[in-house]
Structures are given as C-alpha cells and as structure tokens.
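Q: Chain by chain, the residues:
There are 6 protein chains.
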Amino acid sequence: MRILVLNPNTSQGITDRLMGAALPAAAAGTELVALTAPRGFPYIATRAEAQIGGAVALEMLAEHHAGFDAAIIAAFGDPGLFGARELFDIPVVGMAEAAMLTACMLGRRFAIVTFAQALGPWYQECVESHGLAGRLAGIRMLEGRFASVADVQDEKEELLVDLANKAVQEDEADVVILAGAPLAGLADKVKARIPVPVVDQMAAAVKQAEALASLRVRKATAGTFRRPAAKPVIGLPEALARRFNP
Amino acid sequence: MRILVLNPNTSQGITDRLMGAALPAAAAGTELVALTAPRGFPYIATRAEAQIGGAVALEMLAEHHAGFDAAIIAAFGDPGLFGARELFDIPVVGMAEAAMLTACMLGRRFAIVTFAQALGPWYQECVESHGLAGRLAGIRMLEGRFASVADVQDEKEELLVDLANKAVQEDEADVVILAGAPLAGLADKVKARIPVPVVDQMAAAVKQAEALASLRVRKATAGTFRRPAAKPVIGLPEALARRFNP
Amino acid sequence: MRILVLNPNTSQGITDRLMGAALPAAAAGTELVALTAPRGFPYIATRAEAQIGGAVALEMLAEHHAGFDAAIIAAFGDPGLFGARELFDIPVVGMAEAAMLTACMLGRRFAIVTFAQALGPWYQECVESHGLAGRLAGIRMLEGRFASVADVQDEKEELLVDLANKAVQEDEADVVILAGAPLAGLADKVKARIPVPVVDQMAAAVKQAEALASLRVRKATAGTFRRPAAKPVIGLPEALARRFNP
Amino acid sequence: MRILVLNPNTSQGITDRLMGAALPAAAAGTELVALTAPRGFPYIATRAEAQIGGAVALEMLAEHHAGFDAAIIAAFGDPGLFGARELFDIPVVGMAEAAMLTACMLGRRFAIVTFAQALGPWYQECVESHGLAGRLAGIRMLEGRFASVADVQDEKEELLVDLANKAVQEDEADVVILAGAPLAGLADKVKARIPVPVVDQMAAAVKQAEALASLRVRKATAGTFRRPAAKPVIGLPEALARRFNP
Amino acid sequence: MRILVLNPNTSQGITDRLMGAALPAAAAGTELVALTAPRGFPYIATRAEAQIGGAVALEMLAEHHAGFDAAIIAAFGDPGLFGARELFDIPVVGMAEAAMLTACMLGRRFAIVTFAQALGPWYQECVESHGLAGRLAGIRMLEGRFASVADVQDEKEELLVDLANKAVQEDEADVVILAGAPLAGLADKVKARIPVPVVDQMAAAVKQAEALASLRVRKATAGTFRRPAAKPVIGLPEALARRFNP
Amino acid sequence: MRILVLNPNTSQGITDRLMGAALPAAAAGTELVALTAPRGFPYIATRAEAQIGGAVALEMLAEHHAGFDAAIIAAFGDPGLFGARELFDIPVVGMAEAAMLTACMLGRRFAIVTFAQALGPWYQECVESHGLAGRLAGIRMLEGRFASVADVQDEKEELLVDLANKAVQEDEADVVILAGAPLAGLADKVKARIPVPVVDQMAAAVKQAEALASLRVRKATAGTFRRPAAKPVIGLPEALARRFNP
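Protein chains in written order, with the numbering used here: chain A, 1 to 246; chain B, 1 to 246; chain C, 1 to 246; chain D, 1 to 246; chain E, 1 to 246; chain F, 1 to 246.
This is chain A alone, in the form it adopts within the complex:
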C-alpha cells in the first residue's frame, strides 16, 4: 500500500517532523511518500492562507496522486480536503479530521492543544466544518513567540504538557490532540505526563488512510462528492486543469 503524505506548507523541516511521526505508525507493507508544497506559506495559519494553501494542495495532488492508494493532507486545518475528495479517486484523509475522529473513539470530548494563538480561529472553523463542535472541549493555545516553527515542539514541550493538563482539569477533556503539523510526533514523548489518551495527529492520519485504502470503497459517481462535470478552465497548472477537463 502506497500513501502520499502531502505537506501543504513549504517548510521541509515540518515535512521531516511529519514523517518522523508517520513512519513508526505505518503498518508493515505500507510505503509512505512525502511531498512538500512548492509554493505557498511556510506555515498556514489563517483563513486566507488556507484558501490559497488548499488550492496548492489540489495542484500537488493533481500532479502526484497517480500510483497511490490514499493520500493525507498533512496540515491540521485540512486545507483543500473537501475539494480533493471531489477531484480524486483515491481516499484523501485530513490530518485534523483523522485526529478528531480517532479522539471520538477514546472519550466524549477532546481538547485541541496548539502552539500559537493565531491558529485557534482556523482550527475552530475546521472543527465546525466537520460537524464536530459538540465533541470539542476547547482549544488551548500557547502564548508567546518561538524560535523556529520546525522545532517549537522541543522548545515548548513543558508548556504544551501544562496546557494539555489544564484542558483535562479545567475543560473536562477526555482526550487531548496535540495539533498543528509542527507538533507531529510529540504525543508519544509526553503521553505519560497527561492522564488521558493523547492522539498524535500524523499517526492517526496514517492509520485512517490505511483503513480507508484497505476497505476498497468505490469513488462516488453520484452524491455531492462525485467528480465535477468537465468544463473549460483557464490558467490552471496543467495537471490540475486535466482533472477538470480531461
């Protein structure tokens, strides 16, 4: 089974973090291939960046999806996810979606813990877009600056654990998600210090991509996720244009 791990951010350091968490989670026989965004933002954090970054994710998928059994859009707000499900025939999993659905099986309400204030509103809209607001205990965000986004999980480890514990004690969270691609892999390091299940977003995404691929469901030809009708397009990258106008 071949799974494409698509980082819609332009930071190679984040891709490395993602793969560091993904590889140990993969089953025997699963091959993971990483891809870093060729254009866009070092780290998507706002609605405007997600609008553009999601379009970049579609371009990347259009160019590279061939030969894969599933793909993961590996940014916590799931940029471009729903469009990708229309356009492509393989299952596409969002990293936020996978983490949240996994958390739903481990408790009643999950907390999202992340490393920057700026991310809260986008994550909140992501939770709502998946219809999971009723399962959310709250979003907790670190205040203050950090030296490097790719290493923020090392720099802020203690503070993030404190925040997770506050989410458990004050927000009645049953499960904690350490959210944002730069935190991939942190769950395993800190889980002994947090008294509820801690979900690693990237590991969850790998398991869900494996699950969907192995279920061999068909691509919809009806319903709201069928392929868009063919139409002329102007000014799109060639591979992407072909998805709309084969």
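Please keep in mind that the hints were generated in silico from the structure rather than gathered at the bench.
Since the model is a prediction, treat every value here as computed from it, not as a measurement.
Treat the hints with care, since some could be wrong.
[As the list claims (entries may be wrong)] Computed from the model, here is a short list of chain B residues facing chain C with C-beta under 8 Å:
| # | residue |
| --- | --- |
| 1 | Leu101 |
| 2 | Leu106 |
| 3 | Ala173 |
| 4 | Ala211 |
| 5 | Ser214 |
[Stated by the list, open to error] EDC-like cross-link-like pairs, simulated, lysine to aspartate or glutamate; straight-line CA separation at most 16 Å:
| # | chain 1 | residue 1 | chain 2 | residue 2 |
| --- | --- | --- | --- | --- |
| 6 | E | Lys219 | D | Asp188 |
| 7 | F | Lys219 | A | Asp188 |
| 8 | B | Lys189 | B | Asp162 |
| 9 | D | Lys219 | E | Glu158 |
| 10 | C | Lys219 | B | Asp188 |
| 11 | A | Lys219 | F | Asp188 |
All residues carry an ideal CB built from backbone N, CA and C; glycine is no exception.
With the hints as your guide, set chains B, C, D, E and F onto chain A.
A: Chains B, C, D, E and F in isolation, oriented as in the chain A frame:
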C-alpha cells in the same frame, strides 16, 4: 463611493448580467467597477472549484482593491470571502451573504432557488458557513440542461418561477432568493408572480456594500480577522505576495 | 425616501440620542421622522416591558406609517418587530437586528456591550429569536447605577470602552455592538479606542432601512408574514383596529 | 387551591370549552376560576395578535391575580407567559408549555395537530421559544374553513383524528397534542382512535398548575425572572401600572 | 392512586431519604410504595453503573409494577427510563426528567447542583438525552469526600447552598435543582437561602407521576415506545423475560 | 494483535455473519476471536433490549477481555459502549460508531440502510448519542417480515440495494452504511450497484480497532472515562463485580 464588483468566474457574460442588476440598485454617487476572473472556471459549482476560485478572488483583490471603498465577491457561494476579510482593509461583501442577511429582514425563513442540481451542496455549505441554516427553508434546484449559462435566466424563467412558488407553498418560505450569478437581475422581472418578497442577490450586495462603506468602520487589528502576520511566501502572484509580506 | 424612526420608549431624551446618530448616517435624499412612545416605559428592559412596549409599537405604526417608505423600531430588543412585519406593507427594521446582521458582515462573532445588567437576558432572547446565537461572542454588561439613562453614554464612556476591549480580548469578539438605545451615537466617538469594528446600532438601522426600501420588494401575500385575516376586534385603538379589521 | 384560568381571547365560547376540559382534570380541593379577555381578538392566531394579546393577558393578571395560588394562560402559543413570570409572585403556566412538557414524559417526539393553517407559524415559534424543537415531530394543520371556532372540534373531529394518525404514521410521533384552545377537551373523546398517547392541553395545564402550586417554590428575587425594577409608567391600566411602579 | 417509588441503588438509607421527600409532596389519596434495588451499586455514578443499574430497574419494574398507576425511577440520571416506557403500560417518570421539566416552568435556565464531581458527566449526558441542554445554565459539583452518602445532605448543607448561590450569580441560573437521590428533601430546608426557585427532585417526580396517572393516557401501540415485539429470550429473570415473551 | 469480536446478541448465526465480514478485513497479524452473548436477545432492536444487552456486553467483556489488544461491540446501536470505555483498559470500538466515523471520511452525509422498521428509533438515538446527527442524511428501513434474521441479507438483497439507491437519490446521501449485524458482509457484494461508497460496518470496526490498538494510547486516569471508583456491589457476576471492586 467606489465599489469593486469582482466576478470570480471567467465568463464575461455573467459579469454583464451582474452589472445589469447592480447598476440600477446603486445609489446616486456610487461608482461600480466590474472585474472578471482572468483564470479559473467559467462557472464555479463545486467545492474544488470554490477552493481554487476563492484563491483567484484573493489574487484579483490584491491587484485591484486600491482606491475602492468596498468590494463585492459576486458569486453565490462567496468563494474566498473570509480570507478576503483578513487580508484587506476595505469591507468585502459576499453576494450570498448579502442576499441571505437581507432576506432575514423580510421574513423568517428564506428559500434558495437556483438553476442547476450541481449547485445545491455548495450553497448548503455556504449557508452553514454563515451560521444561517436555521433560517433556511430549503434549496430548490432545476433539473435538466440549459443552452448557455449566461442566458439561463431567460431560457428557464417560467420553471424558476414555478420552483419559487413551490418553495413558498411546500417549504413555507417567507422570502425567495434567486441564487447563482447567472440569475442576477431576474428578481425584478418575476417578482409580481411570486407572492413573497424576492431578493435580488446582486442588488442586495450593492446595498450592503454601500451600507458598510458609509458606516466607516475600522479594519480589525485584533480578533480573528486582523491581518495575518507577515511571513515569507513562495510562488504567489506579486500583488498577493505583498499582502502577506509587505 | 421617508423613514420613520420609532422609539418605543417614552423618553424624549433617548429619541434625541437616536436621531443624533441617525441623521449623520442617512443618505442624501433620506428624510427621517422621529416618534416617541406616547405610553409605556421610559426604558424597556424586561420581557414584561417588551411585551407591552411591542404592542405600543404596533399602535404607533398603525397611526403613523402612512407616507413612509420604511420604519425602524429603535429599541435594541426589537419589541413588536415580527408582528409589525405581518401588519404593515412597508419594510420594518429592528435596531438590534440591523446591528447584528451588519456585524455578521464584519467578522465571525460579535459582542454585545451594554450599560446595565438588567438588559442581558432580554438581549440574549433577542439574539436567539433572530437565530444568531451561533454568531454571538457574548453579552457584556456594566454593573452599577447611572445618573440618567439619556446621558449614560457620557457618564460611562470609559467603562464601556473597557468592557468592549475585554470582549475582544477574553471573548474573542471580532466585532463590537454598543447596544441599547441610550448608547446610540457612541460608536463613532470611541471607535479609535477599540481594535475591531464597532457597529452603531442606529446608523446600521438607517442603512438597512434605506437598503430595504430601495430594493422595492413586495409585501408578502403568502408565507408566515402575510397580513392576518380580517376579524372583529374589541378595545383596540382605532388605527390599530383597522389594520386587523379594515 | 385556587387556580385562575385566563383565556386571552375574547370568545366566551372558547372559555367554556376550556373549562369543560379543565374541570374534570382538577383534583379534589382545586377551585378553577375562568376569565375571558375583555379586549383583543376572538382568536389569537398570528405574531401581531400574540403581541397584543400577551399584553392583554398581563393586564388581566394584574387586575385579577390576588387570592390565586397559580394561573394558567390558556392559549396554545402562551402569549405573555414569560413576562407574566417576571411580574407575578404565583406560578404561571402556559397551556402550550404544559402540554409539551407533559408529552415529553410520554415519548420521544410529539406532534402538534391543529385546526387551521394560520396557526402553524405561531406554534412553531412557541415550540422554539421553549427550546423544545428537538422534541417536535411536526405540526399538522387542517386545511379549509370552519363554521364556528368554538365548535370546530365537533365539526372537524374526523379530520383531526385522521391528521393525528398521519402524524403517527408519517412523522413518527410518539405522542399527539391536539392544540389550540378550541380543541380543549377533544383528546378524551378521540383517544381510543389514535394509537399513541394524546395529551389534552387544558387538562395538562391544570395538572401542572396544581403541581407547581403544591411545590411552594419561592418567587425569584435574582436571576432573569426577578420582578422588574420600579419605574414610572405612562398610560397603562391602573392595576398593571402598579405592578411596575408599586 | 398507587405510585411505585423505585430506587435503583442498593442503599436503604437513600430510599429513606427519597421517601422523606416524597411523602409530604403526595396528594391526599396517593399511596407511595418504596422499593430498593436488590442488586447493583450503593450509588450509581458512572455510565457503566447506569448501564447495569438501568437493567436492574427493568427487572424491578417487571416484578413489581402490577397494581400501580405510575412508577418513578428515583435516581437523578434516569437509568433505564426509556426502556421502561417501552415495556410497561403505566406511566414511568424519571426523577431527573421530572425535576428538569418542572424547572422549565419556573425560569429560563436551570442549574444542577450536586455533591460529587463524579456525577457531572452522567448528569450532563442525562440532560442531553432529554434534549434540554439549551435550558441548562450549568452543573455545579462539590469537591471533596463525604462521610456517608445517605447523610451527605446534612454534612454539606452549607457548601451546597453556597454552590447554588454561585450558580445563580455566576451562571445566571433562574432555577436550582439539588440533584442526586441523597439530596432528596434538602430543597425545602434551604430554599429561603437561595434567591431563585429551588426544585426538589423527588417532590417534582411525585407531582408529575400523579399528573400523568390522572390524565389516563393510553399505552402506545404504535410509535417508538410501543411494546417490543415478542421474541425468545435467554437467561433473564422470569418476570422480565415474560415482558418480552409473554 | 488480538481483537475480541463481541456479539451482544445470542444468535450464533449472526456471529458467523460478523466473522465472515471481519476476517477478510483483518490485517496480516491480526487475530480475531468471536464471542456470542450467553444471555439476552436473539437480536437487539429496542431501547429496553439495548439497556439489558449492554449490561450483558459488560459482563462478557469483564470475563473475556484479558489478553486482548482491543474489543469490538458488534451490534449496530453500540450497546454498553460508553460504559465499557470506563471499565476496561483496552480500546473498545462500537460497530455503529466505527461505520459512521469511517463514513465521515468518505463524504458529507451518510445514510443508514437497514432491514427492519423496528430498528430505526434505536439507530437514531445511537447517531445522536455520538453527536453525529448533523452528518446523517437519513435512516431507511425495509418494511415487511423476513424468514430468518441470520439470512435476511440474502433474502432481501435486492430490496436493500434499492433502498440504498433511494437514499442516494432522494436523501442526498454521499455514503451508505448497511446497518445491523445481520447485514455484515453485504457491502462487498452489492457495492457495484450503488453509486457512492458503501461502508461495511464490521470491516470498518476491525480497521478502527486495529488503528486504536496500534496507536497505543493510555487508559484515562482522569476525565469522564477514568475507571469508576471502587465500591461494594451486590449480585453481579463475579468477573464484572471485580471490575468495580477489585
């Protein structure tokens, strides 16, 4: 007052329809300037197209917003609207949003009536993204093909009126929105044949853009719609890149 | 265009505040006519007072609506609004409704900031009656007494600005509404001290009344806002009785 | 125990129907006293009428509540109910509220079945104002005219039973409420022909008023239902004015 | 009228508390019979205990319901309530349900105040299962241990009153429910110290059981609470088995 | 990895169907062990049966969970699931939950298609208990009797496919779940005849159990799913009693 009417579709014919409805609605002293998307889709109708078309809308605004007092994103699903509100200092109105909020002042529940089955799911998600699902009586869509998207309002006028009347009688709609840019201007022609208020999406958008511009509210420097923090970007059109990295 | 500004409170001082905010907001060619309630309460603040004050608003409209293109019920809880929409052929705008819908176009969630604890529950029910609870960041109310309701905006200006800033910082409000008729006109004075858009309720109501009047929508003859069927009434003021029994 | 049965409609015939259903439901030792509205509408059926009729209900309560242990506002949309709870020290029960809460103990979802199309929207808003929309299976309304509102339950008995059975079969209602004051007492006559529990609105209201009165709870002096602060009023009937300005 | 008061806990001391609150609330002519669970938990406090305790409640009802006009499941989370409504022909009232519905008639939002942290999640799910989350101001729980569950209301009386007052002041509760079977009867002792109505869960349940029994509604033979279809069962207590396989 | 497949029904034939769907879905290295309920109902279909069947599931888990890495409660309404998550240290997956969460990754709204009218209400409450009502397109149930519950999927195959296609065409379902343990394994046989992804509940449950087990999350010692505090119990099967009173 100068208002930019931004058509995120590539069809000049649709822009003409939009302006045909916009101009009579404008107040004395309002100047409307139309802009047609230079790249993208002839008519946005799916999540994938909205993802890309919304990014195109941001590019267009970045290049052309200077000197305007407000802008209208003139496609019914409001592609790129929330990102635009982060990036730009002038008020930006979505055509769907303007039509729905106007409808809220004319009754309890509004119906959305449109000309193609494919548009329903996107419109539904648009309604939900604005938090207005509780005010929606239902979405009614014509079945069948049409000769030309720019002239569909002429070709299907009778059927659209029938559909609107069904929405009133069967769905208990208090107000009807004739939705989708190609239907701009139709409301006025048919309103005598529908027994509840009929909102023209483009006229509503012009009035709301005028209202917001005249209220002279400030651009947020806090809250979730403040400008994104400056950051290096790769591979974006120059004007858009400058909005992120001034 | 002639717009009736109906103050359902009996305080002439509040009417003066309302007009002080309304006149600068009006477009060239808009004539505003003010009306103060001849009976009722100096300031509506509870459900019981709104029940009675709303009935008074209907009496006032029945007697005075002729010759107007639109009317504004200028109390923040919108007393009598939905009944007025059934009874009269011109558009009727609620001041709370206009402020909230305008706020929806300027951010995700709005805060309501007001000058007295007693107003909170009524405003909360008003928000819910419009189906906008999902867009509300919270209601913040000043504690403590004030010297005169008509001048409370001068006496408490600093405290109200502080409260608005707390709503932004602690409740994540994207927009602030300074609510309650006695605060009409305050937004303009303080907007430089609050880092998000501040909506003036009366200015918003004027713009929405102008917008609705210029859209020239028809009065519903079907749906839930059609005119009530004629019936004999007992003991109502003559003009109001005629609306029910022409 | 003395309970005031307040008919906010002006029809004595409806009061008679209400008492016909109320008296057999009363416990030994419960005295019921009926009151018919001295002004207003023969039968409240719209938002405008409820606005005015609710104010009339407050006038009636102000003049007559002394010496009673509880009061019932005996119109299905509960006009004036929430204001009455602020103003008066005795428990006040709404007939719709009592019927719906009783239905909640007899099944999951209840249907509201009534005799006129015009009543649907008002009842829908009543259900929502009580926060019970999630328990509503639907509202079914008879079409067509009737000879006399006071006798509509005799004239339409068969059709109402048919409608109730449709609500059970097609809307999956677990319980049926025959709604609208003119239908008081009908439940008992038809319950053998409907395969789920049928709640009589008036009987339910009597039992709930007895229950509340016997629980001897105190009048709130805090919270949102405390008595409104004293204030000068203008032009209200004397007894009502005294409730606001003792 | 004979009402069965079923305590699904195994503590006789709690049954005594329940009957201490129930007897003064009963009308003349109402006979109350208490039953303590023969197997299960001294005090149900978790989902797992409610799963088992609810099954025990069904066993108890199957064995003892004959000759009663109504039954009360007298634990605050209403274990087994919905199943009981399917299986038995007499009305069955949940103690939490009765308290909450009664509270709905005394204000807008009610607070649940209880004596142990462990109970919060179960009570929250109980509120949601009744569709009443929109009416809940919040759940307040005492911290710390107590000497004896049967006497916790004496030991913690002051702290519980403080908590109730906090719910009124900080959570804007209009009504307080002192929740959990061990607190039965406390409301009457403390109501003068809490400025809003305080509902006694057991007294409320007695009044609602009396109300339902006196309304003489029929057992559903359609809808989702009709009796389950007959089927072979294995390994159930004999009386319970007969309810499924008569 | 060892996974316990727990059938809370007493029908061995259903267990065989479940294992027939489970085994092909299991990864290399996954060992599945089936268990059929020793007491209870041949097929759980009502709230009362789920109350008891869920308690039986807890008994079964208490006796047999040792040595397993995860367990599946293999009935569509997930009887006993939330209690099991409190009591046991291994992940426990509900078959309905697994199917619904998997469906969420394959579209916007899923339809539940099942073989008997009686199952609808229980499934509806199951969807709501998971907070997924917003993702449900509808529940479609076959009418009419069947010869044998274990073979109903063969007998009704055509009708179930028709029903699934209706759910796609009329309810706008993006995904179909063939629900109810007796339908396990049917998805694969019919998926070519349904134009959207069809989720096999049992296969989905196996993949989710594998995913959770491989993520190696810890058992909560805080939050609402921590183990219940130790307490004396009466009359429970010995293994179950020990889970509560070690």
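Q: Looking at the structure, which of the earlier hints fail to hold?
A: Violated: hint 9 alone.
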